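*Asks:* One letter stands for each residue in the lines below.
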Amino acid sequence: MSKMTILLVEDDTSLAELIATACQARGYALTHAPHATPALAVLKAQHFDVLVLDRMLPDTDGLTLLQSIRQAGYDMPVLILSALGEVEDRVQGLQAGADDYLIKPFAFDELEARLLALVRRKTNTQEILKLADLTIDPMQRQVSRGGKQIDLTSREFALLMYLYDNRQQAVTRKMLLENVWQQQFHTSTNVIDVHISKLRAKIDKGFAQSLIHTMRGVGFMMGVGDE
Amino acid sequence: MNRLFKTASLKAALFYVGVAMVAVGAVLAVLYWQIASHLIIRADNAVWRDAAIATYIYESGDSDALVAYVNKPVGGVIYRLSDSLGAYRGGNLEKFPTPATTHRDENDWLHFTYKQMQIRARLLQIDADVILLVGHDRGATNALIAQIKHSFIIALGGLALLGVFGGWVMARRVLKRVDVINEGLHKIMGGDFTARIPFMHNGTDNGDEWDTLTTQINDALSRIDSLIVAMRQVTDNLAHDLRRPLTRLRARLEQMPTTDAAQTQAALADIDSILSVFAALLSLSRMESGTARTDFETINIGAMLGEIAALYEASFEEADMRLVFVPPPQTITAYAHYALLSQAVVNLLENVLHHAAKPKAQVHINLTPDLIIEIADNGDGVPPEELSRITERFVRLDASRHTQGDGLGLSLVDAIARLHGGTLQLSLNKGLVAQIHLPQKSK
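Here the protein sequences line up with chains L and D, keeping their order. Per the working numbering, the first sequence starts with residue 80, numbered consecutively. Per the working numbering, the second sequence starts with residue 2, numbered consecutively.
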C-alpha cells in the first residue's frame with residue numbers, strides 16, 4: 080500500500096503538530112485543517128484515505144461537519160476524536176456516520192492502529208485465506224495449520240478473523256473489545272489477553288513459528304516475521 | 002385502597018369524627034334524658050290529678066258516687082277500689098295483677114300489663130278501709146320516648162357515615178395531590194432535573210396551600226437545576242481545558258527522544274492512570290446529573306449478561322475460579338443504557354477478580370424476572386461494618402490498599418444503577434452479594 084494520506088481537522092494547533100510529527104516519523108502524509116471551512120476546501124483539492132475529526136471545533140460541531148462531508152459525497156472512513164468521559168457521544172458519533180471513535184487523550188499507537196484498520200482493504204471472505212502454513216476458510220469456518228485441523232469456538236474464530244484482517248499491523252485491546260466483542264466498557268483487567276493466550280495455545284502451540292505476537296504497550300499483531 | 006387507610010388525612014378525619022360523635026352523642030343524651038323525664042312527669046301528674054279527683058269525690062261524703070266514678074273511667078285509665086284487705090269494691094280492674102307480673106319501682110309506682118296496655122299505677126289510701134289504685138296507659142308515652150331515642154341514634158349514625166365519607170373523599174384528594182408531587186419528585190431523583198410538579202387545576206396556581214407548596218418545590222427545583230447546570234458547565238469546562246494539555250502531554254511524552262524506554266513507559270502509565278481516574282470522575286458526575294439518559298433503549302438483559310459472562314469466564318478460570326451464569330428460560334428486557342449497564346456488571350466482576358480472588362471460589366451471575374442482576378461470590382466478603390462505605394468515592398478498604406483500582410468502581414456501579422432509576426444493594430452471604438435492582442417499568 081502506498082503512503083496513507085490523512086486529513087486532521089483539529090483546532091488545537093500544537094496537538095496537531097505533535098500528531099503530524101508522529102505521522103511523518105511513521106511515513107504517513109498528514110494534512111492539518113484547523114476548522115471546518117478550510118477542511119472542506121482542502122477536501123475538494125485533494126484525495127484522502129482517512130479523515131480524523133475533532134468533535135468540538137470553533138466554527139462548527141464535528142458531527143455537523145461530518146454530515147456535510149457525507150452529503151458532499153465523500154465516503155472515505157472517518158474517525159472522530161472526542162473529549163473525556165462522554166459515554167453518550169460515541170453512539171451519536173457512530174450514528175452520524177463515523178466509522179470509529181477515539182477519546183482524547185489517546186496513545187498515538189492507538190490512533191495509528193485504528194487508522195490502519197480503517198483504510199485496510201477488507202478481506203474477501205469468499206476465498207481461502209492463508210498466512211504462512213495457517214489456512215482459514217471463512218465460508219466453512221474451518222481453520223487448519225500445517226494440515227492439522229484446529230477447532231475454534233465462534234468467538235475465537237471472530238477474534239482470529241479480526242487479527243487476520245489486520246495482519247502485519249498492531250491492533251489494540253480496546254479495538255478487539257469493540258470489534259470482536261462489541262463492548263464499550265472500560266476494563267481494569269487483562270480480560271482480552273486471556274482470550275488471546277487461549278487462541279494462541281490453539282494456533283501457535285507446537286509450531287516453531289509464532290503467528291500471534293504481543294506488541295508491548297500497544298496490543299497484538301498477527302503476522303509472519305519480526306516480533 | 003390499602004394506602005388510603007394509611008393516609009394521615011383519613012386518620013385525622015376519623016379522629017375528628019370520633020370526637021364529634023362523643024360531643025354530639027353527649028348533647029343528644031342530655032336532650033333525650035330531659036325530654037323523657039319531662040314526658041314521664043307529665044304522665045305522672047295526670048295520675049295524681051285523677052287520684053285527687055277521686056279523693057275529692059269520696060271526701061264529699063258520697064261513697065257510691067266514687068264507685069260509680071271509678072266504674073266508668075275514660076280510655077287508657079284504670080281504677081280499682083278495694084278495702085284494706087284488698088277485696089274488690091269497684092273499678093274496671095277487677096282482679097289485682099299477680100305480684101309476679103308486677104314490678105314496683107323505687108318510687109312506689111307499680112308497672113304491669115293489662116289488656117295490652119302498659120300500666121303505670123299508684124296505690125292510695127283514701128280512708129282507713131278504702132284503697133284506690135289509679136293507673137294510666139303509658140304505651141303512647143313510651144313509644145314517643147323510644148322514637149326520640151331511635152331518631153337520635155339514626156342522627157348519630159348519619160353523622161358518623163358522613164364524617165367517614167367526608168374523610169375518605171378528603172384523603173383521596175390529598176393522596177392524589179401527594180401522588181402528583183411524589184411522581185414529580187421521583188422523576189427528579191432519577192436525574193431529570195427539568196421535571197416540574199404540575200398544578201392540579203388546569204395547570205394554573207389557584208392559590209390554595211397545595212399550589213403554594215407546588216410552587217415552592219418547583220422554585221427549589223429550578224434553583225437546584227440551575228446549580229447543576231452551572232456545575233456541569235464547570236465540569237465540562239474542566240474536561241475541555243484539561244483535555245488539551247493532557248492530550249499534548251501524552252503525545253509529547255510518546256515522541257520524546259528517549260534513552261530510557263522503561264522510564265517513558267512508566268511515565269505514560271502514570272498519565273494513563275491519572276486519565277482513567279479523571280474519566281471515571283467525569284462520567285460519574287455526568288451520570289449523577291442525569292445527562293447520560295439519552296441513548297436508553299430496550300435491551301435483552303439475559304443476552305447482555307451472556308456476552309459478558311462469555312468474555313470473563315476465561316479470566317476467572319485463569320484466576321482458578323469459576324464464573325457461572327445460567328441464562329433464565331424467558332427473555333428478560335429492560336429499558337437501559339447498554340454500555341453503562343454492562344460497565345456496571347463488568348465493574349462488579351472485576352471487583353471480585355481484584356479483591357475477592359480465592360482459589361476454587363465460584364462466582365454466580367443471576368438474573369431474575371423482576372430485573373435483579375446479582376453477582377454473588379463465595380470469597381471472604383468485606384467486614385460487615387464496611388459494607389455501607391464501599392460505594393463511596395475513593396473508598397478503598399485497608400485490605401485492598403496494595404491492589405490496583407481507583408476506588409471508583411463501585412461508586413460508578415451505584416451511579417449507573419441510580420441513573421436507571423434502580424439501586425445497588427450489597428449484602429453478605431458466603432461472600433459479597435451485589436444486586437443491581439432495575440425498575441420494573443421504566444420509561
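Don't read these hints as lab results, they were simulated from the structure. Fair warning: this is a prediction, and the values are worked out from it, not measured in the lab. Among the clues, some could well be false.
Stated by the list, open to error - Subject to a maximum C-alpha distance of 27 Å in a straight line, what follows is the list of computed DSS-like cross-link-like pairs (lysine-lysine):
{"id": "1", "chain 1": "D", "residue 1": "K361", "chain 2": "L", "residue 2": "K277"}
{"id": "2", "chain 1": "D", "residue 1": "K359", "chain 2": "L", "residue 2": "K277"}
{"id": "3", "chain 1": "L", "residue 1": "K227", "chain 2": "L", "residue 2": "K123"}
{"id": "4", "chain 1": "L", "residue 1": "K82", "chain 2": "L", "residue 2": "K277"}
{"id": "5", "chain 1": "D", "residue 1": "K431", "chain 2": "L", "residue 2": "K281"}
*Asks:* None of the hints should be skipped; say for each whether it holds.
*Replies:* Against the structure, the hints come out as follows:
no.	hint	verdict
1	D:K361 with L:K277	holds (20 Å)
2	D:K359 with L:K277	holds (22 Å)
3	L:K227 with L:K123	violated (52 Å)
4	L:K82 with L:K277	violated (35 Å)
5	D:K431 with L:K281	violated (37 Å)
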